[in-house]
Amino acid sequence: MALVRVISSDGAAFLVSQRLAKRSGKLKTEIETFRKSSDNSEAQPEIRIVTIRAEILRLVLQWLQQHQNDPVLPANQNEQDGRGDAEMGQSQWDRDFLAPMDLGIVMELILAANHLEVKGLLDITCKLVESKITGRTVDEIRTAFKLKSDFKGNEEEQTRLENRWCVEN
Amino acid sequence: MAKLGAEYSGDITPTSEDSSEYSVSDVDLDSSSSDSDQNDRFPVMLLPVEIRAKILNMISQRQVPSLRLVSKQWRDEVDQFYEFAFNIYDTTSNLSLIRNLRCRECVIWKLTKDLKSESLFNHPSYLKVIKVFGPTSAANLKNLISCSTNLEHLTMTRRANYPWILNLQDTPALSNLTELRYLRLNSEEHLQIHRPSENQRLNLKVPPMMDCYFPKLKIFEILKRFPVWHYSHYVTSVLKFVSRHSATLTHIELDFIPLSCIAAWLGDRDMPEDLSSSEDDEYNYGSSMEGQLNRRRNRSDRCVSPQGINLHELCKIRLQKLCITTMGYAKDIHIWKSLLESQSHPPEENNQNRQTHFGLRELRFDWLCRDPMTETRARVSGFPWIHFQIPIEASSTTLVHVELANLSMVTKAFPSSPVNNRVVMHKVVPFDLSIFRHCTRLKSLILRCRENHARIHPVDLGAFGPRASVANGAVAVGGAVVGVVGAGNENKDDAVNGNGNNNGQQNHPHNAGVGGVGAAPAEQQGVVATVGEILLMINAMDLPESLEQLEIFRFPMLTSDIESCVRKLTNLRKLFFHECGKTNSFGVSADIIRHMAKLRQLKFLEIVGFNDSTEERRSALELVFQEIGRPFEGQDTWLELCDGSTTAFETLQAVNES
Numbered sequence: 001m002a003l004v005r006v007i008s009s010d011g012a013a014f015l016v017s018q019r020l021a022k023r024s025g026k027l028k029t030e031i032e033t034f035r036k037s038s039d040n041s042e043a044q045p046e047i048r049i050v051t052i053r054a055e056i057l058r059l060v061l062q063w064l065q066q067h068q069n070d071p072v073l074p075a076n077q078n079e080q081d082g083r084g085d086a087e088m089g090q091s092q093w094d095r096d097f098l099a100p101m102d103l104g105i106v107m108e109l110i111l112a113a114n115h116l117e118v119k120g121l122l123d124i125t126c127k128l129v130e131s132k133i134t135g136r137t138v139d140e141i142r143t144a145f146k147l148k149s150d151f152k153g154n155e156e157e158q159t160r161l162e163n164r165w166c167v168e169n
Numbered sequence: 001m002a003k004l005g006a007e008y009s010g011d012i013t014p015t016s017e018d019s020s021e022y023s024v025s026d027v028d029l030d031s032s033s034s035d036s037d038q039n040d041r042f043p044v045m046l047l048p049v050e051i052r053a054k055i056l057n058m059i060s061q062r063q064v065p066s067l068r069l070v071s072k073q074w075r076d077e078v079d080q081f082y083e084f085a086f087n088i089y090d091t092t093s094n095l096s097l098i099r100n101l102r103c104r105e106c107v108i109w110k111l112t113k114d115l116k117s118e119s120l121f122n123h124p125s126y127l128k129v130i131k132v133f134g135p136t137s138a139a140n141l142k143n144l145i146s147c148s149t150n151l152e153h154l155t156m157t158r159r160a161n162y163p164w165i166l167n168l169q170d171t172p173a174l175s176n177l178t179e180l181r182y183l184r185l186n187s188e189e190h191l192q193i194h195r196p197s198e199n200q201r202l203n204l205k206v207p208p209m210m211d212c213y214f215p216k217l218k219i220f221e222i223l224k225r226f227p228v229w230h231y232s233h234y235v236t237s238v239l240k241f242v243s244r245h246s247a248t249l250t251h252i253e254l255d256f257i258p259l260s261c262i263a264a265w266l267g268d269r270d271m272p273e274d275l276s277s278s279e280d281d282e283y284n285y286g287s288s289m290e291g292q293l294n295r296r297r298n299r300s301d302r303c304v305s306p307q308g309i310n311l312h313e314l315c316k317i318r319l320q321k322l323c324i325t326t327m328g329y330a331k332d333i334h335i336w337k338s339l340l341e342s343q344s345h346p347p348e349e350n351n352q353n354r355q356t357h358f359g360l361r362e363l364r365f366d367w368l369c370r371d372p373m374t375e376t377r378a379r380v381s382g383f384p385w386i387h388f389q390i391p392i393e394a395s396s397t398t399l400v401h402v403e404l405a406n407l408s409m410v411t412k413a414f415p416s417s418p419v420n421n422r423v424v425m426h427k428v429v430p431f432d433l434s435i436f437r438h439c440t441r442l443k444s445l446i447l448r449c450r451e452n453h454a455r456i457h458p459v460d461l462g463a464f465g466p467r468a469s470v471a472n473g474a475v476a477v478g479g480a481v482v483g484v485v486g487a488g489n490e491n492k493d494d495a496v497n498g499n500g501n502n503n504g505q506q507n508h509p510h511n512a513g514v515g516g517v518g519a520a521p522a523e524q525q526g527v528v529a530t531v532g533e534i535l536l537m538i539n540a541m542d543l544p545e546s547l548e549q550l551e552i553f554r555f556p557m558l559t560s561d562i563e564s565c566v567r568k569l570t571n572l573r574k575l576f577f578h579e580c581g582k583t584n585s586f587g588v589s590a591d592i593i594r595h596m597a598k599l600r601q602l603k604f605l606e607i608v609g610f611n612d613s614t615e616e617r618r619s620a621l622e623l624v625f626q627e628i629g630r631p632f633e634g635q636d637t638w639l640e641l642c643d644g645s646t647t648a649f650e651t652l653q654a655v656n657e658s
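Protein sequences appear in the order of chains A and B. Take the first sequence: its position 153, counted from the start at 1, is 153 in full-length UniProt numbering, and no numbers get skipped. Take the second sequence: its position 556, counted from the start at 1, is 556 in full-length UniProt numbering, and no numbers get skipped.
A hint or two may mislead.
Said to hold, decoys possible - List of simulated lysine-lysine pairs, DSSO-like, C-alpha gap at most 27 Å: (1) B/142 with B/72; (2) B/218 with B/337; (3) B/574 with B/443; (4) B/116 with A/152; (5) B/316 with B/240; (6) B/331 with B/321; (7) A/146 with B/574; (8) B/218 with B/72; (9) A/132 with B/72; (10) B/131 with B/116; (11) B/72 with A/148; (12) B/574 with B/321.
FYI, nobody ran anything at the bench for these hints, they're computed from the structure. These figures come from a predicted structure and were not determined experimentally.
Using the sequences provided together with the hints, build the complete structure.
Okay, structure coming up:
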């Protein structure tokens, strides 16, 4: 089995099968670039991911391993409305996978999935953030995201008035 | 630690060959090095713009007002990145307020206010969907379309009823719509029931929109009402358009509805369609040379030319959805037959949908016709059902929905009947439902006939006799054409004998229809007649068990055949039998209702017309109706069990309990 060595920003190395690694757009490109530049066809590629630490990289690889037999989704899978397909691909395993994570880890996972071009993982992590917003009141959203209102004077009231077009439509 | 090549058991193998490196076992999520601040909050604004936009656009527009009130930064974020869906009604929509927002979908209910040279949206590249449902000025629509270069979906419907709906003239922007995937046009011309001028008849132009090419178009739907003398013009234009997109289209829905049909439904027999009769040709054009020329031109306008529509290219199309409503002449049948049959062949190399699994999922075909009694000789009153056999059998693993209406066996024109002393011939030909037997995914089957043969005299169907003779195909094939008599025919015996010649066809049910095609009893016997047909549904027990919806309207069926299919199709949720026979051994009996009571999934049930032709049958029906608490009002009783509060199965439980 052909392997690739993937090294995190904090130096952790993971030996991953090339078949699995190629499910990441970024790793696939790196492997192909390595093959073109290397004289030795047997040489093991080594890829440094300087923006992703070990803990997050391990989660990404774990997700890839679980979904290694899924069909590869095109970048614009949902052509009807262009709003992605996160709900379509979320399994019970995905829900269990994401459940213990706090929003900080989710944030890093989003960035990692985006950087490594893992569309399915990006979709479900973005969907998780969306679920923290949908159905909540303004105060609940502020609490969930630890935000404070920065409206001054009658700005909030003005925004409320502006929202009329939004409600109308 | 797992060693490569020795204890390797998975795709991810951590390594610690170098002590300075992490290994996967050293990573513990619970003691991750994330600082507490990072855990406590989610710094959305640190995400890249495209991801913020992605998350925002997963949120429903209903939630957006809340987001705008969270903070100034979030408000600006929404206004900048959220892709809104707007309903435009220019007297209430504040067009200036929404101009700066990004609009993904725009539904126009009214846009007649002059936008002058201003754009409706400052970010038109985000616009993916435009649906025009109401009055919109041509200038405004042009304004909107010309800058929406990423448009994927364009719908224009009847309520935006302007002649220019297909005539977006001087709109070069149409050719800019390179991303368009879905085009839906529902349009009609103003009702013109007066006779057209010669100029109107001879100088029709191709609607400019039908001259366009959209390189990614996958779904095309058009509903076009037009005066009947424009039939070939519009059908040719639209089919040429479809041919041009044969490499990309996967779904087509073409509804060509001539106004004469609408008038016929309304009972108006005095429509200009009569122009197509030979008598009127003479009246209109006289016998002069010019009159002869115009008459010939007029006749050539009636049919759709295979060359004109590029039939060869049209037949390269491979569809998942094929829905057609049209009328037509005998010569046109070849075009639809070719299109249907081509669906059984694999797609060609240049077909953009070649990689996806091909095969029809949805097939709807409605051959509009007027009452056969008043059909002109060139018009065909029904579409030969046999032409569906090949595409249905070729798509047996993919078909989910089939709806066929106004079927026939006639493949050539018959002479018009004289007004007086009219003789009506009825041919009884089988429609073999076993063509669906391998359609294992078929959920819905709807078959409609416009004429009601339920009251036909027993002599009409008597030749079929007992069930067995139909099942083995002997009568259905050997005697496929059973001439029966309508009003005014005194020589009943001759007519009943009909023409039993099946040209040596094998006695297979599938050949039954073919046997009928060759027979033309009226012509061969020298009888001047209008030919009506009765399609007899046979082999209903071969329908696939996957069916959840079965609707049969006005086709006679043997009682035993209905019973077999009801017993077999245990997944039925919706079941309609309308006018399937009231005499002899046809139609719905009490026993069938008792079998329906065992269909646990049955929610909707409609039966119109029962066979109570014998005292025994009548008593049994009265008893069943008594058990379910409904009045039995004879053979015309309308039994409808779908009131929404209780399912048909629940209502029929009284039958099971008794």
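### Query
Does residue 574 of chain B pair with residue 443 of chain B here, judged by a C-alpha cut-off of 27 Å?
It holds: about 10 Å lies between the C-alpha atoms, which stays within 27 Å.
query = Within a Cα-Cα threshold of 27 Å, do residue 131 of chain B and residue 116 of chain B meet the stated pairing?
reply = 21 Å, holds
| request: Would you check the hint for residue 142 of chain B and residue 72 of chain B, treating anything up to 27 Å between C-alpha atoms as holding? | output: 36 Å, violated
Regarding the pair residue 132 of chain A and residue 72 of chain B, is the alpha-carbon distance no greater than 27 Å?
-> 19 Å, holds
CA of residue 218 of chain B to CA of residue 337 of chain B, is that 27 Å or under?
The given pair, whose Cα atoms are some 22 Å apart, holds under the 27 Å limit.
Take a quick look at whether residue 331 of chain B and residue 321 of chain B sit within 27 Å of each other, Cα to Cα. 24 Å, holds
Straight-line alpha-carbon gap residue 218 of chain B to residue 72 of chain B, limit 27 Å: Between residue 218 of chain B and residue 72 of chain B the Cα gap is close to 42 Å, so the pair fails against 27 Å, i.e. violated.
Restraint check for residue 146 of chain A with residue 574 of chain B, where alpha carbons must lie at most 27 Å apart:
53 Å, violated
Holds or violated: residue 116 of chain B and residue 152 of chain A, Cα atoms, limit 27 Å. 37 Å, violated
- Query: Quick one, are residue 574 of chain B and residue 321 of chain B close enough, alpha carbons at most 27 Å?
  - Reply: Distance of about 22 Å is within 27 Å: holds.
Sort out whether residue 148 of chain A lies within 27 Å of residue 72 of chain B, counting only the CA atoms. Status holds; Cα separation ~10 Å.
Open item on the list: Just to be careful, I want the Cα atoms of residue 316 of chain B and residue 240 of chain B compared with a cutoff of 27 Å; is the pair within it?
Closed with: Holds - the C-alpha atoms of residue 240 of chain B and residue 316 of chain B are around 13 Å apart, at most 27 Å.
The structure shown violates the earlier hints numbered 1, 4, 7 and 8.
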